[in-house]
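Please build the complete structure, drawing on both the sequences and the hints.
Protein chains in written order, with the numbering used here: chain A, 277 to 737; chain B, 29 to 216; chain C, 1330 to 1723.
There could be a bad hint or two in this list.
Unchecked claim - What follows is a set of in silico ranges between Cβ atoms, one per label pair, in the way DEER data are often shown:
no.	chain 1	residue 1	chain 2	residue 2	range
1	C	Glu1442	A	Tyr598	27 to 33 Å
2	C	Phe1623	A	Val519	29 to 35 Å
3	C	Val1508	A	Thr677	34 to 40 Å
4	B	Phe120	A	Asn418	18 to 24 Å
5	C	Val1634	A	Tyr598	40 to 46 Å
6	A	Leu416	C	Val1508	48 to 54 Å
7	C	Leu1398	A	Ala672	45 to 51 Å
8	C	Pro1638	A	Val519	39 to 45 Å
9	A	Tyr598	C	Val1508	29 to 35 Å
10	A	Leu416	B	Asp181	48 to 54 Å
Claimed, not checked - With a straight-line cut-off of 25 Å between C-alpha atoms, the simulated SDA-like cross-links for lysine to any residue are:
no.	chain 1	residue 1	chain 2	residue 2
11	B	Lys118	C	Ser1616
12	B	Lys80	C	Arg1577
13	B	Lys49	B	Met77
If you're looking for bench data, these hints aren't it; they were derived computationally from the structure.
Don't be surprised by glycine CBs; every beta carbon is placed ideally from N, CA and C.
Below, each chain spelled out in residue letters.
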Amino acid sequence: MLDNTPLVLGNETFSSITDHISSITERKAPKQWYLLLALASSLALVLFGMIGYLFWEGTGIWGIQNPVGWGWAIVNFVFWVGIGHAGTLISAILFLLRQKWRTSINRFAEAMTLFAVLAAGIFPAIHVGRVWVVYYMFPLPNQMQMWPNFRSPLLWDVFAVGTYFTVSLLFWFTGLVPDLATYRDRAKTKIKKMVFGILSLGWRGGNRQWKHYEMTYLLLAGLSTPLVLSVHSVVSTDFATSVIPGWHTTIFPPYFVAGAIFSGFAMVMTLAIIARKIYGLEHLITMKHLDNMNKIILLTGMIVGFSYGMEFFIAWYSGNPYEQFAFVNRAFGPYAWAYWIMVSCNVLIPQLFWSRKIRRSIPAMFIISIFVNIGMWFERFVIVVTSLSRDFLPSAWDYFTPTIYDIGMFIGSFGLFFTLFLLFVRFLPMISMSEVKGVLPQADPHYYDHEHDTRKGGQHV
Amino acid sequence: MSKQKVVGLLAEFPHPGALLKAAEKMREAGFQDYDCHSPFPIHGMDQAMGEKRSPLGWMVGILAFIGFTAGMTLEWWTSAVDYPLVISGKPFFSYPAYGPVAFAFMVIFGAFTAVLGMSVLNKLPRFHHPVFYSDRFAKASDDGFFVSVENTDPQFDTEKTRVFLEEIGGQHVELLLETDEEQALENE
Amino acid sequence: MKFDSQTYRVETDNQLGFKILIAGIAALLLSAIGYFTHSKQFFFSYLVAYTFWVSIGLGGLFFVMLSHLTGTVWGIVLRRIIESIMMALPVMAIFFIPLIFGFHDLYHWSHAEAVAEDPLLQSKAPYLNVPFFIIRTGIYFGIWYLLARKLYALSLQQDEQPTNEQIVKMRRVSGPGMVLFAVTTAFASFDWIMSLDAHWYSTIFGVYFFAGSFLGALSFLVIVSAWLHNKDILTGTITIEHYHDLGRLIFAFVIFWGYMAFSQFFLIWYANIPEETIWYQHRWTGSWNIISLFLVIGNFLIPFVLLMPRAIKRNRNKMFVLAIWILVTHWVDLFWLITPNLHHHGAHFSWMDLTLFVGMGGIFVSLFWKYLTKGALVPVKDPKLQESIQFSNA
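Right, here's the structure in full:
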């Protein structure tokens, strides 16, 4: 178990990595790609169609009513923002921790982050009702001479998620620049040469550039790390700053962050397994990578489980009947089914990852990752809906039922996410070539100090 | 045929180890306007070239602080000065509640400084550069390791420098030539 | 004291450990006077000192398991020191016994007459009662003892006959060990500290306590390493690179601590529910607000700003000073959690705060020293030891 297996398997050289990853976008796309794109984009169209109808008709088309004023829109928002956390975690936190195995997965995890945050951003934007005055959310002088309420957690969301998207985009783009230069140098057509030439900013790979580049990368990682923690913490304050039993609890910020990483890794896992299969990337995204990700899923799953337990214990310990009711109602009330789906998917099923065999079995991890995705959606559903549906006035209690528009928009958001993801996979390098080359043993200048000098010296093309 | 002008020299090295050694020799020989190109950053290259640490850290630190202050000031001015409103019994200047937005300002200022700062320090975007005159240079983003010397270097001498590059192990040493037309285009 | 850089052992007649032990016992005896003059103050000071030294040990236990799980290379040279911190933890169980006699002075919920007229305390009585409280503490220490002993034994075994099996086993113990650690640490902090104000509750409290504990253990580690360096021990083994990484870890946990502290304060401040805000109200009354501000500045802002640039992390002496500072603020943190339950109207330091701290510390440190000098100061046969010594941040 002394894991000294290399990060990249097979006899890869610098140029074989370039070839392998670039050729994915240079050759014709596999048939499955067109099929998937057709499917995903039609679902995205459903989303946009329904959003159009929502603008016309109003938020009444959703299942929200009194007392459940926050329905699936908020559930989906939190779900997607959560998914978006793995990318930055992999690119920033694992970078700071010098976990070199991240290099094979960071690029598409970052892309996934961007698209997930985009899918997330749609929901709060459309749930405001009067979308045409959405600019009220920004501190712009307006006809009422009023300013946004900076004491509201909902406004913090606007800034936190907006910042997160912007910084993730900068991070992603910065990481792409050297690879875009590779694409520029390999481009055959004039248009490609132009486009990649402009996008790569004229990158020359000189050490005087690398010096500042590496520093930028480090700084962005340093800035993104607290940012990624703050984003889901801010999302958690939407709930936790209130006085609603089941929402107001001090563990919410770290608990939301752990849950976000948990769900994000599950989504990366789902996508990575598919991508490595379709594009034959088994030697770059190795069993070691998958094993490590499974360990992180297990760890964050345990933190989430710890938080569920803490919440329950403290609800009892508080001696506060409202708190106690909220939790008993979650586990045994009308939404018990959702609660137990959540517990089984998020806490029980990931326990299988204690076994090394399961951590290294592709079908098993694929299925578990799907379960985690499901479980984490239900977690947000349980939080949002159970607490609201049983508020302080029993006469107002009600049961929430989604409409076709709730369901359609949720599924449609997957369509949007996958459409963007498929386009990314088609046109941009989905694995960071420069970073993977950097972790090859040949990349260490001292590799050549001794006998290697003559034997493996040059990289022959 | 139009006249050509030598704007630099380019030499290829077989692997990162050789490039690192070449960089040391370039520095010892006192070259200034040279650079070592590689498809990925090479560990120890900064020491070999005698490069100082990038000043970006300080720039980002200062701008991030300014960003935080700017965010706080905006929140204070809009909520406590320009249009004070009592909301949920909180003070007009509720600094704990203003933390998240001020933090977002801080990060966004810092991130833009990091990226724009890099592009300024690296003089990017720059689409026109002597090294691009070489066809071999396309390898620099694949598996090639190059040393380039520009003619702006005080020591630059087409012949001597070429010999020197070959002495330190450079292969395929070539002249980077700029044609008159291009120069003319530039001067326009 | 002579250090053999081949075997990594120190030859010592253990004068030093003995002196520390004597100093500790003397301080404890001196404190005993306080018990007779002002028993309430005695027990509060005792609890602060007790939780402080337990928290250092807990941080050590966590660090050992963390290193095994992540398989970090740079930390291997520090492992024996951390293991010795961890081994001093189980003995702290003995110091719990005097606390049992202080329940009445410390814990309001242990007063039968108070429970009789307080429905909230009645509803908590199945958990907050003296026998169960003692049993729970027994369980915590039992678990910590078993974990620490197992990990230490495996590590020593590795010095004798290194096989891969020990590394595998250490990792196997650490996985479930982490889970047990998280639960026991959280509940220990609920029991010992949070239940001082039995009406108040916060789900994050355990994590907050843990954050401070780990910071404390890291600082303790820095102090020990720098002190050893001064004595010409392990000079070429624990290099400036290791300080750099310790500095980064401290920096990260300073932020983590700040994050936990802010989460707890912020959510309670914002929701403004009287039964929760009262806890912060106590800590904002009279001179307590100075202590509260001191914590924000001392335990967060100062180390945060100082550790941000590279320079201090790569300077042994500065790291040494900073580590002492963080240990002090960690003590203040526990003082701030515990003592407002005694002095509602303002912060008040007692001479017993000092003597009990020194007393228990003397025992803790001499134990630590005993374990450290028992064998080699680093895991000599760890296959990655050389790699760890040569580790560089670049």
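So, going through the hints one by one against the coordinates:
1. The hint said 27 to 33 Å for the Cβ distance between Glu1442/C and Tyr598/A, and at roughly 28 Å that hint holds.
2. Range check, Phe1623/C to Val519/A: Cβ separation about 31 Å, and the 29 to 35 Å hint holds.
3. Val1508/C and Thr677/A have their C-beta atoms about 38 Å apart, which keeps the hinted 34 to 40 Å range intact.
4. Here the CB-CB span from Phe120/B to Asn418/A is close to 20 Å, well matched to the stated 18 to 24 Å.
5. As the Cβ distance of Val1634/C to Tyr598/A is approximately 42 Å, the hint placing it in 40 to 46 Å holds.
6. For Leu416/A paired with Val1508/C, a C-beta distance near 50 Å keeps the hint of 48 to 54 Å intact.
7. Under the hint 45 to 51 Å, the C-beta atoms of Leu1398/C and Ala672/A, about 48 Å apart, fit the expected range.
8. Under the hint 39 to 45 Å, the C-beta atoms of Pro1638/C and Val519/A, about 42 Å apart, fit the expected range.
9. Distance hint check for Tyr598/A and Val1508/C: the Cβ-Cβ separation is about 31 Å, which falls inside the suggested range of 29 to 35 Å.
10. Between Leu416/A and Asp181/B the CB atoms are about 51 Å apart, so this pair conforms to the stated range of 48 to 54 Å.
11. Between Lys118/B and Ser1616/C the CA atoms are separated by roughly 24 Å; this keeps the pair inside 25 Å, and the hint holds.
12. Of the pairs offered as hints, the one joining Lys80/B and Arg1577/C holds, with about 22 Å between alpha carbons and a cut-off of 25 Å not exceeded.
13. Proposed proximity of Lys49/B and Met77/B is supported: the alpha carbons are some 10 Å apart, at most 25 Å.
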